[in-house]
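Novice: Chains X and B supply the protein sequences, listed in that same order. Heads up: the first sequence begins at 2 in the working numbering, then just goes up one per residue. Heads up: the second sequence begins at -5 in the working numbering, then just goes up one per residue.
These are calculated hints, taken from the structure and not from any lab test. Yeah, the Cβ is synthetic: ideal placement off N, Cα and C, and Gly gets one too. Warning: the hint list may mix true and false statements.
[Stated by the list, open to error] Here are some of the chain X residues that sit facing chain B, going by a computed Cβ distance under 10 Å:
hint	residue
1	Leu16
2	Pro18
3	Gln19
[Unchecked claim] Pairwise CB distance ranges, derived in the manner of DEER restraints:
hint	chain 1	residue 1	chain 2	residue 2	range
4	X	Ala45	B	Asp99	47 to 55 Å
5	X	Leu57	B	Trp26	48 to 56 Å
6	B	His33	X	Ser66	30 to 38 Å
[Stated by the list, open to error] With a straight-line cut-off of 20 Å between C-alpha atoms, the simulated SDA-like cross-links for lysine to any residue are:
hint	chain 1	residue 1	chain 2	residue 2
7	X	Lys12	X	Phe44
8	X	Lys42	B	Gly72
9	X	Lys42	B	Arg51
10	X	Lys21	B	Asp48
11	X	Lys42	B	Glu137
12	X	Lys21	B	Asp99
13	X	Lys42	B	Pro3
14	B	Lys134	B	Leu161
15	X	Lys21	B	Pro3
16	B	Lys134	B	Ile104
17	X	Lys21	B	Ala54
18	X	Lys42	B	Gly136
19	B	Lys134	B	Asp99
20	X	Lys42	B	Leu147
21	X	Lys21	B	Gly47
22	X	Lys12	B	Pro3
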Amino acid sequence: MARVVVDVMLKPEILDPQGKAVEGALGRLGLAGVTSVRQGKSFALELDGEVDEARLAQIHELAGSLLSNPVIEDYVVREVTA
Amino acid sequence: MRVGVVTFPGSLDDRDAARAVRVAGGEAVELWHGDADLHAVDAVVLPGGFSYGDYLRCGAIARFAPVMGPLVAAAEGGLPVLGICNGFQVLCESHLLPGALVRNDHLHFICRDQRLRIESTSTAWTSAYDEGQEIVVPLKNGEGGYVADEATLDRLEGEGRVVARYLELNPNGSRRDIAGISNARGNVVGLMPHPEHAVEPLTGPSTDGLGFFTSILKGLVEA
């Protein structure tokens, strides 16, 4: 069994209200020097068998369409070894 | 009888909660999330809404608001505190109540008139009801599923701390149909449905919710 993780983050120029709210809370709770917080999403995909080129390409395609909106979000696909 | 109602950024049921306090015969006192002072109130309501946008987790940021410092200390000392919906989530995040509230099992936001059974009348907020009394109040939530580990659920049941249970339909996948719980002392109650929206016949499905607010006034008069 293989695992692939897709991390999705809002593009740097897009306002992230969730990150801003957390950033404000960190400051109020005394953690100084945090200049930015961005809150993203992480999808963990468990797969039967091996991750070959074709499957990885398919995951990339879905990461850029279903799992993220490329207008406002960036994504990173990474294979995780157990 | 001064009952404080806290307004967090994103609270939206604070006005209804204050109104319910007044309809019940109490004096509603507006408390501001950024003010670390309870202004000598006799009880506090944490209202429904979406505090701090519910970012991170529901109630997670509100739990650190300045007003929560004195509130947690006072609640531990016996001050009656009722958390409704988002307020229930804040109480769980504050560890005044055990467990957590998670996304509804059907994934939908739900809004309906909900039948409940009052399971415990020995809390500060339910003494005006009869044990086993069935009431109908509005329910509206997206993350209303109450979860806790089995040992905690058993303890809540064993100690009579399940305050209200869903009847007919479990609207959110809540464990053991739990709609509300209390702390061991019975002064802190968290409830997912909204009794503050059912205190006048014109605007609610019933006036069944009024008992939560008259309970506290009755308790304070007797104290």
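Novice: Each hint: holds or not?
Specialist: Going down the list of hints, with the structure as the test:
1. Residue-level restraint check for Leu16 (chain X) is violated (minimum Cβ-Cβ distance to chain B is 12 Å; threshold 10 Å).
2. Interface restraint check: Pro18 (chain X) against chain B, minimum CB-CB distance 6 Å, threshold 10 Å, status holds.
3. The closest approach between the C-beta of Gln19 (chain X) and any C-beta of chain B is roughly 4 Å, which is under the 10 Å cut-off, so the hint is satisfied.
4. Roughly 20 Å separates the CB atoms of Ala45 (chain X) and Asp99 (chain B), a value that falls outside the hinted 47 to 55 Å.
5. For the pair Leu57 (chain X) and Trp26 (chain B), the beta carbons lie near 52 Å from each other, so the given range of 48 to 56 Å is met.
6. The supplied range of 30 to 38 Å is broken by His33 (chain B) and Ser66 (chain X), whose beta-carbon atoms lie about 53 Å from each other.
7. With a C-alpha separation of about 17 Å, the suggested pairing of Lys12 (chain X) with Phe44 (chain X) holds against the 20 Å cut-off.
8. The straight-line distance between the Cα atoms of Lys42 (chain X) and Gly72 (chain B) is roughly 40 Å, outside the 20 Å bound, and the hint therefore fails.
9. Using a Cα cut-off of 20 Å, the hinted pair Lys42 (chain X) and Arg51 (chain B) holds, with the two alpha carbons roughly 13 Å apart.
10. For the hint linking Lys21 (chain X) to Asp48 (chain B), the alpha-carbon distance of about 12 Å falls within 20 Å, and the restraint holds.
11. Restraint check for Lys42 (chain X) and Glu137 (chain B): satisfied, since their Cα atoms lie roughly 18 Å apart, inside the 20 Å limit.
12. At roughly 29 Å between alpha-carbon atoms, Lys21 (chain X) and Asp99 (chain B) are farther apart than 20 Å, so this suggested pair is violated.
13. With a C-alpha separation of about 24 Å, the suggested pairing of Lys42 (chain X) with Pro3 (chain B) is violated against the 20 Å cut-off.
14. A C-alpha spacing of about 16 Å is found between Lys134 (chain B) and Leu161 (chain B), which places the hinted pair at or below 20 Å, so the restraint holds.
15. For the suggested pair Lys21 (chain X) and Pro3 (chain B), the alpha carbons sit about 14 Å apart, so the restraint of at most 20 Å is met.
16. At roughly 5 Å between alpha-carbon atoms, Lys134 (chain B) and Ile104 (chain B) fall within 20 Å of each other, so this suggested pair holds.
17. With a CA separation close to 14 Å, the supplied pair Lys21 (chain X) and Ala54 (chain B) stays within the 20 Å bound.
18. Restraint check for Lys42 (chain X) and Gly136 (chain B): the C-alpha separation of about 19 Å stays at or below 20 Å, so the hint holds.
19. For the hint pairing Lys134 (chain B) with Asp99 (chain B), the CA-to-CA distance comes to about 14 Å; that is within 20 Å, so the pair holds.
20. For a cut-off of 20 Å, the pair hint linking Lys42 (chain X) to Leu147 (chain B) is broken: about 31 Å separates their Cα positions.
21. Distance hint between Lys21 (chain X) and Gly47 (chain B) is fulfilled; the C-alpha atoms sit about 11 Å from each other, no more than 20 Å.
22. Only pairs whose Cα atoms come within 20 Å are accepted, and Lys12 (chain X) paired with Pro3 (chain B) is rejected, the gap being roughly 26 Å.
Hints 1, 4, 6, 8, 12, 13, 20 and 22 from the list above are not met by this structure, while the remaining hints are.
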